[in-house]
Amino acid sequence: MEKKKSNKRWIALSFFCFIVGVALWLPNFILQYGYGFWMLTFIINPLGILFGFLGRVKIGIIANIIMTFSFFIIMFVGYLIEAMFG
Numbered sequence: 238m239e240k241k242k243s244n245k246r247w248i249a250l251s252f253f254c255f256i257v258g259v260a261l262w263l264p265n266f267i268l269q270y271g272y273g274f275w276m277l278t279f280i281i282n283p284l285g286i287l288f289g290f291l292g293r294v295k296i297g298i299i300a301n302i303i304m305t306f307s308f309f310i311i312m313f314v315g316y317l318i319e320a321m322f323g
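Numbering-wise, the working numbering comes out as the position in the sequence shown, counting from 1, plus 237.
In case anyone wonders, no lab produced these hints; they're calculated from the structure.
The structure presented is a predicted model; accordingly, all values stated were derived computationally and were not measured.
In silico PhoX-like links for lysine-lysine, alpha-carbon gap of 20 Å or less:
{"#": "1", "residue 1": "K295", "residue 2": "K245"}
{"#": "2", "residue 1": "K295", "residue 2": "K242"}
{"#": "3", "residue 1": "K241", "residue 2": "K295"}
Could you build all of it, start to finish, from the sequences and the hints given here?
Right, here's the structure in full:
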């Protein structure tokens with residue numbers, strides 16, 4: 238019973254790290270100004286990957302990996318759109 242409760246805590250922490258990672262990107266998109274808060278995704282989301290691993294939840298691991306590399310993904314998509322339409 239205690240192990241199941243501990244698993245739920247790791248899962249909750251993993252998804253919390255993902256939500257925080259998304260929230261760190263929001264000022265850049267809503268206010269359209271380059272705030273540096275997104276750089277914290279390189280610290281917070283790897284912790285979320287670890288928590289997802291400890292909680293044995295694959296979706297938490299994958300979501301935090303995507304958020305960890307979100308800068309490079311957004312940069313790639315931005316350059317691709319610029320090359321196609323710009």
